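Dock chain one against chain two, each of which comes alone in its own frame, and use the hints as you go.
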Amino acid sequence: MYIVIAGAGRLGVMLAKRLKQDDHQVCLIEKREDICRILARETNDYLIIHGDATYMHILEDAKIDRAQVCVSATSSDEDNIIICNIAKEMFGVKRTVARVNDPKHIDFYKYMDVDNPVDSTAIIAQVVEEEASFNDVMSLLSMKKGRLSVVRVDIPQDSPVVDKRVGQIQLPSNCVLISIIRGPEIIIPSGMTEIKSGDEVIAAALIDQEKDLVRALIGKL
Amino acid sequence: MKYIIVIGCGRTGKTLATQLSVSENVVAIDKDLAAIEDLGDHFNGKKVCADALDITVLEQAGIKKADTLFLLTGNDNLNLVIGKVVKRLYNVGNVVLQVHDPDKKKTFQKEGLTIVSRNYLIAEVLKKCIS
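Taken in order, these protein sequences are the chains called D and H.
Take 32 as the starting number for the first sequence in the working numbering and just add one per residue.
Take 3 as the starting number for the second sequence in the working numbering and just add one per residue.
Here chain H stands alone, though its shape is the one from the complex (with noise of 0.2 Å):
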């Protein structure tokens, strides 16, 4: 089983979390206890409500031994900011995250992290339905 922390609980951090949850060790954390709220029964992990721009809330979620961090607070500066610190000073084997702008994704990119650009997917498998 995988350890993977997910960071951010709104629609897509929900359908993931929740999905992973089936098969892995996963644990959500979000600041917002709604959304922690609404991750409902259907979510087989842990519940952190808090906020992730601290260290001693991210060591309390186990990155230490996380296989995967996820991070998908809509906050392209947030998740960016998070991501660098936790691939330099943890040894997270994937750190990937939602940036919005191109720009910005094109930039970090370059550090290792993986970066996924909701627009920039959607716009590759449009292209895929001229073929």
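Here chain D stands alone, though its shape is the one from the complex (with noise of 0.2 Å):
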């Protein structure tokens, strides 16, 4: 596949890297000149361009117009709105994906149509969250603006589920269970599997589901 990374910060060196190692083509954009010369002297991996990927120029010599995504790194949000935007309507890239700087800003990505805003901040803040709470149910992934989520319960003594085989617990409909936890052990459940008190629950369910979902596991909300 080729891929356009706008932004040689940390992110962007380290995404084409690893881009690089799955066999991808990858061209590296970056407006500031010392890097780009840093970078070139580093590394034959990849294409860089010195230039400001916001002018439709730039993208033009990273021919973008030939790749199928374009990533848009760079510490400043509203460039990585424009990035996406030109190379959408512009150049008809297919998927645009840019970092959300300010969280505050998330909005206007989804505005202006940007397919995948990773909003780092609300990523690391919920694996903090997951490390320092003690609640039952943790939402672990959301796919699909959301409508997919994939959630962690931990099974409490009074659960109703507790010493019932997988296949005797009245699920909701749209969800499944995904694995189970137990101690070191990692079990992917059949029909048969136990569910014991203090279990961790990975479970995957619609949005919609979800509720009633950790309603049947573990009993209450």
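The hints are simulated quantities; they were obtained by calculation from the structure and are not laboratory data.
All values derive from a computational prediction rather than experimental measurement.
Mixed in with the good hints there might be a few duds.
To give an idea of the interface, some chain D residues facing chain H are shown, with a C-beta separation under 8 Å as derived from the structure [claimed, not checked]:
id : residue
1  : T85
2  : Y86
3  : M87
4  : D108
5  : E109
6  : D110
7  : I112
8  : I113
9  : M121
10 : K135
11 : H136
12 : D138
13 : F139
14 : Y142
15 : M143
C-beta atoms are modelled at their ideal positions from N, C-alpha and C, and glycine is treated no differently.
Structure below.
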């Protein structure tokens, strides 16, 4: 795949390296000349273009019309939004991904049709919350614009599913148990697997069914 | 009285906001406190010190009832992003923005935004001087 990345900060450079390792073709655009020189000296793995990616002729130099994906990882939200917007509307790039620097700006990413705005602050906050909190239920992942959600549920002693087999549990529709974590053990459940108190259950649900799923597993909300 | 929002209070924004505030209802927004303070006593309107790339800030400034929005932040991309989103979400009659890059001016003009470029205007005035 051919991928154009705008912004050679820590994120842009790491991403370029990783994508290269997965055998993708990568072009990195950076407006600071000194950074471009250092990168060009260090690596031959990907193309480096010196210029401001919010200008159309720079994106043309990067052959963005041939790119399947455009990633905008600069430290400026307005630049990221405009780059994705131009890539999509002027050059027909199918998929645009951008780094959101300030979570307050995320609405603008959405309204300007950036396919995948990645809000690193929110992601880190969630990881920290997960590490710090003792909630019975934790949302691990949300996909397809939040419609599909993967949750972790700690099974309490008084849960209605304790000592029941997976096959016996009445789960709401559109839900599936993915795995059961019991101490060091990770179990991929079958209908015969028994759920024990203290298990961590990882389950996927459509967002509308998430509450019903949690209710079925811990008996309350 | 027209309801007018001016985002970006540099030299152009300050002059425009101050002049309009004599006869119209003007809200001036800038994220730089010094620029807001610099509007001075001659400006007869509401001053907001905030980041305009934020829907809540725009709504608190009354974007829903605004007749005209001027985007004069000196950052082409910021002006374009706010302008496009406001045009899409709200029923603001005129969205006028300053863009320096002629390529971007050409591209985004098609979307119902009024784009003003300083260099273009000056060139037009200068051309008139030879006739």
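Let me make sure I understand: some of the numbered hints might not hold for this structure. Which ones are they, in numerical order? The structure breaks none of the hints.
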